[in-house]
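Chains A and B are the protein sequences, given in the same order. Heads up, the first sequence is in this note's numbering, so the first residue is 124 and it goes up one at a time. Heads up, the second sequence is in this note's numbering, so the first residue is 48 and it goes up one at a time.
Simulated from the structure, these hints should not be mistaken for lab results. Each hint should be verified, as a subset may be incorrect.
If you want the ones that stay clear, here's a sample from chain B, every Cβ over 12 Å from chain A, calculated [unchecked claim]:
#1 D49
#2 W50
#3 I58
#4 P69
#5 L108
#6 A123
#7 L126
For each label pair, taking beta carbons as the anchor points, the in silico distance ranges come out as [to be verified]:
#8 Y299(A) to A131(B): 32 to 38 Å
#9 L90(B) to S313(A): 45 to 51 Å
#10 F138(A) to L73(B): 24 to 30 Å
#11 M134(A) to L65(B): 30 to 36 Å
#12 P69(B) to F357(A): 52 to 58 Å
#13 S94(B) to T155(A): 41 to 47 Å
#14 I195(A) to S94(B): 27 to 33 Å
#15 L90(B) to V349(A): 38 to 44 Å
A virtual CB, placed ideally from N, CA and C, is assigned to each residue, including glycine.
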Amino acid sequence: MLKKNKKTLSMLLVFGVVIALALISFQIRKNTGYEAKPVAEEIAPHLVFAIGPIQITSTVVNTWIMILALGIGSYFLGRTFKVRPGMFQNAIEWLVNAIQGIITQNIGTNDSNLFFPVVATFAIFIGVANLLGLIPGLHSPTPDINTPLAMALIVFLSVPYFGIRSHGLRGYLKHYVEPIFLMLPIEVASEIARTFSLTFRLFGNILGEEIIIAILFIISPFIVPVPMMLFSIFTGVLQAYIFTLLACVYIGGAVKAHQES
Amino acid sequence: MDWSTLPWDKIFVIVTVLVAGPGIILGITVPAIGQAIVAFSGLKAISRQPEAGDKINSIVLLSLAMLESLAIYVLAVILILVFANPMRTFMLGG
């Protein structure tokens, strides 16, 4: 009985704190005249400048900033590597080991160095891109549909690349018509469908997260969005992991296809 | 009754919202049940055979991601309906 009472009390406390924060932020907004932007304006990318017909949106600028930060950071971090690892080196070695583990588990080859560059690029790029929105003033590039589409198209093109590389052109094309010739349209349709599925999974997850945070900012911009932002760290890393895993599975399907037969 | 005097743009918005709410509820509930079944059977399999945990774990995550993409499709359709409906200019004549 006491335990149940405590639970109800703590629930009431949480609701009370949320309502109090909402009231405080309402007061602050009234006194300072702060107006939250509409959700669609907050999230949609805007045009920065245009070179002829090529339009450079804020998504591209954010991606450039991210690439620059990653490149400079890894250049200077790479010079400090020692035999006895420090804190950052330990973290990076753990990351590299985890990606190699994903590759050996899902592609099923001992030679993970062939696939490591592209798979690690997916993992690090998408992970950092999802977390970029947490820095004030920057926006994640992933809620714009062009970035996930570009990543999914790289997967779409790297599947035949690795397939042809490991089995030759004839061997790779043979797996489209493997049991009977009727499988050809199904295989082609599934290749196209999984590209769109990869795109929309990443896009929809991160966009939904951003919309929820933007709506919370409209309701009460004081402290209430912070737990949701903490949760968005988890979602972003999980989505990067799932994208990497699925890319590995698709590449593995093309590479493994003929090792058995 | 004169149909052309009705506020069609407001009716359009109201109908969109009325469709979007139940639509997203239905579209989230059904994949959630599927995900629950996957998680349930994965948990059962791991508790029965803990040494196969790594293999089962990645397959469970994979199927969860596949099921989640269904919910994401619904979310994308609803977002297009609410924020960027392509029928809007067609129906209301610009």
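Hint-by-hint comparison with the structure:
| no. | hint | result |
| --- | --- | --- |
| 1 | D49 | holds, 34 Å |
| 2 | W50 | holds, 30 Å |
| 3 | I58 | holds, 21 Å |
| 4 | P69 | holds, 18 Å |
| 5 | L108 | violated, 7 Å |
| 6 | A123 | violated, 5 Å |
| 7 | L126 | violated, 7 Å |
| 8 | Y299(A) to A131(B): 32 to 38 Å | holds, 37 Å |
| 9 | L90(B) to S313(A): 45 to 51 Å | violated, 29 Å |
| 10 | F138(A) to L73(B): 24 to 30 Å | holds, 28 Å |
| 11 | M134(A) to L65(B): 30 to 36 Å | holds, 32 Å |
| 12 | P69(B) to F357(A): 52 to 58 Å | violated, 29 Å |
| 13 | S94(B) to T155(A): 41 to 47 Å | violated, 55 Å |
| 14 | I195(A) to S94(B): 27 to 33 Å | violated, 47 Å |
| 15 | L90(B) to V349(A): 38 to 44 Å | violated, 32 Å |
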